[in-house]
Amino acid sequence: MCIQILDALPRVTCPNHPDAILVEDYRAGDMICPECGLVVGDRVIDVGSEWRTFSNDKATKDPSRVGDSQNPLLSDGDLSTMIGKGTGAASFDEFGNSKYQNRRTMSSSDRAMMNAFKEITTMADRINLPRNIVDRTNNLFKQVYEQKSLKGRANDAIASACLYIACRQEGVPRTFKEICAVSRISKKEIGRCFKLILKALETSVDLITTGDFMSRFCSNLCLPKQVQMAATHIARKAVELDLVPGRSPISVAAAAIYMASQASAEKRTQKEIGDIAGVADVTIRQSYRLIYPRAPDLFPTDFKFDTPVDKLPQL
Amino acid sequence: MASAPRPERAPRLPALCLTRYPPLPSPTTVGFLSMEEEETYLELYLNQCAAQDGLAPLRSPLFSPVVPYDMYMLNASNPETAFNSNPEVKETPGGFSSVDLSFLPDELTQEDKEQPVIGSKHETEENSESQSQQSRLPSPNKHDIGLGLNSPSLSNPHSQQHPSDTDSVQASPEKPDSNSLPLASITPMTPVTSVSECCGIVPQLQNIVSTVNLACKLDLKKIALHAKNAEYNPKRFAAVIMRIREPRTTALIFSSGKMVCTGARSEEQSRLAARKYARVVQKLGFPARFLDFKIQNMVGSCDVKFPIRLEGLVLTHQQFSSYEPELFPGLIYRMVKPRIVLLIFVSGKVVLTGAKERSEICEAFENIYPILKGLKKA
Chain A
1 MCIQILDALP
11 RVTCPNHPDA
21 ILVEDYRAGD
31 MICPECGLVV
41 GDRVIDVGSE
51 WRTFSNDKAT
61 KDPSRVGDSQ
71 NPLLSDGDLS
81 TMIGKGTGAA
91 SFDEFGNSKY
101 QNRRTMSSSD
111 RAMMNAFKEI
121 TTMADRINLP
131 RNIVDRTNNL
141 FKQVYEQKSL
151 KGRANDAIAS
161 ACLYIACRQE
171 GVPRTFKEIC
181 AVSRISKKEI
191 GRCFKLILKA
201 LETSVDLITT
211 GDFMSRFCSN
221 LCLPKQVQMA
231 ATHIARKAVE
241 LDLVPGRSPI
251 SVAAAAIYMA
261 SQASAEKRTQ
271 KEIGDIAGVA
281 DVTIRQSYRL
291 IYPRAPDLFP
301 TDFKFDTPVD
311 KLPQL
Chain B
1 MASAPRPERA
11 PRLPALCLTR
21 YPPLPSPTTV
31 GFLSMEEEET
41 YLELYLNQCA
51 AQDGLAPLRS
61 PLFSPVVPYD
71 MYMLNASNPE
81 TAFNSNPEVK
91 ETPGGFSSVD
101 LSFLPDELTQ
111 EDKEQPVIGS
121 KHETEENSES
131 QSQQSRLPSP
141 NKHDIGLGLN
151 SPSLSNPHSQ
161 QHPSDTDSVQ
171 ASPEKPDSNS
181 LPLASITPMT
191 PVTSVSECCG
201 IVPQLQNIVS
211 TVNLACKLDL
221 KKIALHAKNA
231 EYNPKRFAAV
241 IMRIREPRTT
251 ALIFSSGKMV
261 CTGARSEEQS
271 RLAARKYARV
281 VQKLGFPARF
291 LDFKIQNMVG
301 SCDVKFPIRL
311 EGLVLTHQQF
321 SSYEPELFPG
331 LIYRMVKPRI
341 VLLIFVSGKV
351 VLTGAKERSE
361 ICEAFENIYP
371 ILKGLKKA
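Taken in order, these protein sequences are the chains called A and B.
For the first sequence, the residue numbers in the UniProt record's numbering are 1 to 315.
For the second sequence, the residue numbers in the UniProt record's numbering are 1 to 378.
Calculated from the structure, these hints are not laboratory results.
Check the hints yourself; a few may be wrong.
[To be verified] Computed list of lysine to aspartate or glutamate pairs in DMTMM-like fashion (alpha-carbon distance at most 25 angstroms, straight line):
(1) B:Lys373 / B:Glu363
(2) A:Lys187 / B:Glu326
(3) B:Lys258 / B:Asp292
(4) B:Lys305 / A:Asp242
(5) A:Lys199 / B:Glu246
(6) A:Lys199 / B:Glu326
(7) B:Lys377 / A:Glu240
(8) A:Lys271 / B:Glu326
(9) B:Lys349 / A:Asp242
(10) B:Lys373 / A:Asp206
(11) A:Lys237 / B:Glu363
(12) A:Lys177 / B:Glu324
(13) A:Lys195 / B:Glu326
(14) A:Lys151 / B:Glu324
(15) B:Lys349 / A:Glu240
(16) A:Lys195 / B:Glu311
(17) A:Lys237 / B:Glu324
(18) B:Lys337 / A:Glu202
(19) A:Lys195 / B:Glu324
(20) A:Lys199 / B:Glu324
(21) A:Lys187 / B:Asp292
(22) B:Lys373 / A:Asp242
(23) B:Lys305 / A:Glu202
(24) A:Lys148 / A:Glu119
(25) A:Lys188 / B:Glu326
(26) A:Lys237 / B:Glu326
(27) B:Lys377 / A:Asp242
Build the full structure now, drawing on both the sequences and the hints.
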């Protein structure tokens with residue numbers, strides 16, 4: 001007796017809205033019509049995991065009888081066979097070793113991919129990236145992995161580069177140095193893989209701007225909202241007036257934060273800003289020297305100066 | 001040490017007719033030609049070709065100033081046709097099809113095929129100087145010409161080239177033919193049409209990387225010990241790094257006999273430098289030859305003299321550009337039509353690389369200049 005897999009057509013439809021695609025609420029096991037909310041089908045098999053397993057759980061017995069939750073989007077063919085530890089005499093051979101030792105590899109073809117997903121989750125966890133970025137990274141990695149054009153490269157490097165691209169694509173770019181900090185791969189290698197992946201997937205990413213990093217850097221420096229807004233304004237104005245041609249947006253952002261913080265009550269040193277932004281303090285000094293002459297024009301009009309503009313440090 | 005046994009003369013040693021007009025002494029007197037004789041022939045030849053100026057100007061990009069020297073070799077194949085080809089060349093560029101080049105070994109035919117684009121006028125003068133220097137090398141090469149075919153001690157790539165060379169030689173008789181009109185058009189190197197119609201800027205060549213096969217196994221330790229300005233650190237890199245002052249260049253010489261020459265500022269200089277290195281190796285006792293000289297990469301740079309909006313370029317030419325200020329301050333533009341990579345900077349400086357010929361660099365710059373002009377910063 002074969003069980004038909006109903007992917008395409010819902011077996012049941014809402015009587016009032018026959019065209020509506022039913023939404024599955026797998027937690028409750030219901031199929032709900034999105035138009036009127038009528039519960040149409042019930043007792044749908046839950047494909048989530050049976051028991052929640054924690055990574056720190058050292059429990060030898062895993063109460064789950066069906067294995068981990070399905071991840072069909074990513075690993076193809078998540079179905080696998082596991083052999084539990086035997087009980088009774090028959091499961092042991094002559095020497096007392098158990099026959100059918102250890103659970104055999106699940107989905108060996110995707111072992112590397114699953115490893116990479118684990119690594120991606122770990123990296124994202126370190127910088128508190130939300131689940132949507134992690135999912136996007138996993139998807140990117142799967143695409144790159146299946147293409148096999150970057151097969152020779154270390155999986156970790158590809159994973160780090162995918163993470164960088166995902167952050168960029170979601171509109172919240174992370175600097176290469178930030179990704180470096182949570183990965184074991186060098187910035188150079190991540191940069192190389194980044195370019196290769198863009199070419200392999202034939203996508204492109206938007207150019208980074210100074211404003212993308214302001215909120216993160218300023219929060220890490222515990223600067224108040226006023227200073228953050230001032231720094232954003234300064235950086236944007238500096239780029240518009242082309243005071244800093246050829247400078248990396250990160251350096252310009254760092255210099256703007258320095259100027260804004262020095263004009264406010266919450267002063268930060270170049271070294272502190274350099275540590276947070278991943279920019280050398282001489283670089284901040286260089287960019288600061290470029291924006292300093294036009295400082296009065298760069299500040300927003302409603303900024304409250306703790307240190308007046310002419311008293312700003314001149315480096 | 002010269003490990004290969006000294007090759008004996010093959011029966012088919014080509015007649016050493018150095019020029020087309022005055023008959024040379026018999027083929028058996030293969031010795032070094034005296035400097036004056038070489039120069040006389042060179043002058044005669046140059047005069048001859050100057051008279052043919054303007055015969056096929058459009059072909060000029062293909063020719064190299066070195067060719068007259070190589071012409072000697074070509075003519076060496078068949079003295080009769082060498083004489084006859086002179087009037088032929090005057091009338092039709094295709095006159096050399098009658099010369100049977102099929103038996104000529106790689107070094108000559110390959111050299112002709114891979115002739116880089118002509119250098120400038122002063123390179124012609126350089127060339128005539130280099131002729132005299134080169135003349136010392138050719139004589140042992142002349143020995144080797146016929147020998148190359150038969151000597152089994154030659155390295156494999158060399159022997160493998162024979163079939164491909166004969167094929168390619170027969171397949172493209174035009175190439176040597178067009179090379180037969182060389183000096184006529186050594187004058188301005190840029191092709192007639194595109195002498196920067198839009199701008200007077202011509203990219204300057206900064207670096208040329210070329211390779212050549214010396215076709216004999218080398219003892220790097222011996223070279224490093226006896227040669228001046230040579231460094232050899234086998235733990236770090238498996239080649240001797242040699243430098244010469246005259247065209248200021250550096251060469252990597254590998255034990256297989258292959259050599260990479262970098263740092264020259266023009267095609268002619270690169271070839272000259274490579275010959276100098278080959279001579280150094282030869283003087284140390286190895287039976288060095290000069291096979292398959294090929295220019296692998298040319299780097300040029302220029303300045304458009306106005307600042308450029310790189311963000312604009314990356315928006316409009318997304319599929320070719322890569323601009324990551326975190327990784328590199330310049331925009332990396334990978335042009336498809338001449339396959340050239342350009343590094344474009346905010347200041348207006350442009351670096352072009354990846355070319356095998358000078359014309360590719362010029363063409364790439366011609367292509368990018370209007371685009372950059374449209375992205376000038378206000």
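Consistency of the hints with the structure:
1. B:Lys373 / B:Glu363: holds, 16 angstroms
2. A:Lys187 / B:Glu326: holds, 10 angstroms
3. B:Lys258 / B:Asp292: holds, 10 angstroms
4. B:Lys305 / A:Asp242: Holds. Lys305 of chain B to Asp242 of chain A sits at ~17 angstroms (cutoff 25 angstroms).
5. A:Lys199 / B:Glu246: violated, 43 angstroms
6. A:Lys199 / B:Glu326: OK: Lys199 of chain A and Glu326 of chain B at ~18 angstroms, within 25 angstroms.
7. B:Lys377 / A:Glu240: Since the Cα atoms of Lys377 of chain B and Glu240 of chain A sit roughly 11 angstroms apart, the hinted pair holds (cutoff 25 angstroms).
8. A:Lys271 / B:Glu326: holds, 19 angstroms
9. B:Lys349 / A:Asp242: Given pair Lys349 of chain B, Asp242 of chain A holds - Cα atoms ~18 angstroms apart, limit 25 angstroms.
10. B:Lys373 / A:Asp206: holds, 23 angstroms
11. A:Lys237 / B:Glu363: violated, 38 angstroms
12. A:Lys177 / B:Glu324: holds, 13 angstroms
13. A:Lys195 / B:Glu326: Answer holds: Lys195 of chain A to Glu326 of chain B is near 13 angstroms, not above 25 angstroms.
14. A:Lys151 / B:Glu324: holds, 24 angstroms
15. B:Lys349 / A:Glu240: Roughly 22 angstroms separates the two Cα atoms, so the pair holds.
16. A:Lys195 / B:Glu311: holds, 17 angstroms
17. A:Lys237 / B:Glu324: Given that 25 angstroms is the threshold and the Cα spacing comes to 21 angstroms, the pair holds.
18. B:Lys337 / A:Glu202: Judged against 25 angstroms, a Cα distance of about 19 angstroms means the pair holds.
19. A:Lys195 / B:Glu324: It holds: about 10 angstroms lies between the C-alpha atoms, which stays within 25 angstroms.
20. A:Lys199 / B:Glu324: Holds, at roughly 14 angstroms.
21. A:Lys187 / B:Asp292: Violated - the C-alpha atoms of Asp292 of chain B and Lys187 of chain A are around 39 angstroms apart, more than 25 angstroms.
22. B:Lys373 / A:Asp242: The hint holds at about 18 angstroms.
23. B:Lys305 / A:Glu202: violated, 33 angstroms
24. A:Lys148 / A:Glu119: holds, 19 angstroms
25. A:Lys188 / B:Glu326: Distance ~11 angstroms between Lys188 of chain A and Glu326 of chain B Cα, so the pair holds.
26. A:Lys237 / B:Glu326: Holds, because 20 angstroms separates the two Cα atoms, which is no more than 25 angstroms.
27. B:Lys377 / A:Asp242: holds, 9 angstroms
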